[in-house]
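Undergrad: Sequence:
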Amino acid sequence: MINFNSNKSKKLFSKIIIGILVLAMILSVIVPFM
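Following the numbering used here, the numbering of the sequence shown begins with 1 at its first residue and continues without gaps.
No lab work stands behind these hints: they were computed from the structure.
Take the hints with a grain of salt, since some may be wrong.
[What the hints assert, rightly or not] What follows is a set of in silico ranges between Cβ atoms, one per label pair, in the way DEER data are often shown: (1) Phe33 to Asn7: 37 to 43 Å; (2) Ile30 to Lys10: 27 to 33 Å; (3) Met34 to Asn7: 37 to 43 Å.
Only a predicted model underlies this, so the values are computations on that prediction, with no experimental measurement involved.
By construction, the Cβ of each residue, glycine as well, lies at the ideal position given by its N, Cα and C atoms.
Using the sequences plus the hints, can you model the full thing?
TA: Written out as structure tokens, the structure is:
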């Protein structure tokens, strides 16, 4: 399990979430044109 009490894992987790959201946005823009 991820330890949510430490700042490092929180920052890493938020980076992963932001990365997934950005990828989803990019895909939603690119896919209709394919």
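Undergrad: Kindly indicate which numbered hints from before are broken by the structure, ordering the numbers from low to high.
TA: Going through the list in order, the structure violates no hint and respects every one.
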